[in-house]
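Residues per chain are reported as follows:
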Amino acid sequence: MKPGHGEVLLAEGDVHVEEDERALIEEFRRQLDQGMWAAVPTSTAGRREAEIVKAFEDVPRDAERVIFFPRAAGGAH
Amino acid sequence: MALALSATCIVIVALLWEIAWPRIEQAHERRKANRKRLPTHDYDPGRERRAEQRARQLLRSCVNDEEWAMYRDLGFIRVWGAQAEGPGAGGAPYAYLIYPHKPIVAYLPQTRELLNEYCVEFPDHTRPYGSALLPESDDVLAKWMALTGQERRLIADANMHLPGRQVDPKQVRRDLWRLGEWERERARREPRAATEGGSVPAP
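Note that the protein sequences, when read in sequence, are chains U and A. Under the numbering used here, the first residue of the first sequence carries the number 1, and numbering increases by one thereafter. Under the numbering used here, the first residue of the second sequence carries the number 78, and numbering increases by one thereafter.
Careful, some of the hints might be misleading.
A few chain U residues that face chain A, going by a derived Cβ cut-off under 10 Å, partial list only [to be verified]:
# : residue
1 : Lys2
2 : Gly6
3 : Leu10
4 : Gly35
5 : Ser43
6 : Arg47
7 : Glu49
8 : Arg71
9 : Gly74
Hints listed in this document are in silico derivations from the structure and should not be mistaken for laboratory results. We put the CB at the ideal spot given by N, CA and C, even for glycine.
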């Protein structure tokens with residue numbers, strides 16, 4: 001998610017393909033270095049949640065996507 | 078006679094030209110200046126609308142059917158609180174209302190008592206001196222992901238205020254009443270969806 005733009009596709013690939021995985025890890029780290037949070041939407045018994053991940057290794061191998069969004073900050077009001 | 082008349086006409090035309098010319102020149106200059114003031118950048122008026130449409134699709138793909146329908150119909154999403162030591166610990170569960178670009182409101186569903194407002198933003202840290210806002214549905218999704226994934230951290234990062242600081246308590250109570258009516262109507266219309274697809278209260 002990018003302020004002013006909305007959803008932007010950053011990278012895609014198959015984690016089981018070494019080259020793809022390397023590219024995904026690189027993009028993951030780049031986003032976290034920019035101060036973004038990474039979340040993986042999950043579904044358990046009809047309940048939807050998000051799992052906040054801090055390292056690429058924490059992303060479930062079967063995750064369809066990782067959503068990056070700006071880190072939360074206290075509002076100015 | 079004709080010669081005199083022609084000469085008079087020529088003189089009149091010349092005089093009129095003398096009077097009108099400066100005005101014509103001014104009008105021409107103004108027109109040129111206005112043309113120069115036209116924006117030259119590639120502003121796209123549909124960009125924000127398209128961003129919001131994409132954001133709605135993304136939100137819909139992440140939240141459950143009940144939460145999506147709630148947002149679509151009421152304009153906010155309720156998320157149940159999950160902190161063991163939260164305000165509802167050992168008693169009634171507590172919940173949050175997520176509004177786009179407004180503080181998150183915590184409340185006790187059983188009594189509809191408003192607890193706090195949590196003011197939180199998602200600024201673009203790469204542009205610290207002027208960050209654009211996320212599209213409305215992305216703002217709701219960001220709050221939803223942060224609340225369901227890292228409630229304690231989000232609440233710690235937010236600026237906490239008593240109810241009424243930014244969100245009108247009357248409006249929130251009205252929204253809670255609307256939510257109750259909406260849930261009753263939904264349960265009556267789709268009894269299976271209400272029991273199977275709905276969000277689960279915190280333990």
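Structure-based check of each hint:
Because the beta carbon of lysine 2/U sits about 7 Å from the nearest beta carbon in chain A, less than 10 Å, this interface hint is met. About 3 Å separates the beta-carbon of glycine 6/U from the nearest beta-carbon of chain A, less than 10 Å, and the hint is met. Taking 10 Å as the C-beta contact cut-off toward chain A, the hint placing leucine 10/U at the interface is violated, the least distance being around 14 Å. For glycine 35/U, the interface hint holds, the least distance from its beta-carbon to any beta-carbon of chain A being 4 Å, beneath 10 Å.
A distance limit of 10 Å between C-beta atoms decides the matter here; for serine 43/U the minimum to chain A is near 8 Å, and the interface restraint holds. At about 5 Å, the closest approach between the beta carbon of arginine 47/U and any beta carbon in chain A falls short of 10 Å, and the interface hint on this residue holds. Evaluation of the glutamate 49/U hint against chain A yields a held restraint, the C-beta minimum of about 4 Å falling below 10 Å. Annotation: arginine 71/U was flagged as interfacial toward chain A, and the flag holds, the nearest CB pair being 7 Å apart, inside 10 Å.
At its closest, the beta carbon of glycine 74/U sits 4 Å from a beta carbon of chain A; the interface hint therefore holds under the 10 Å criterion.
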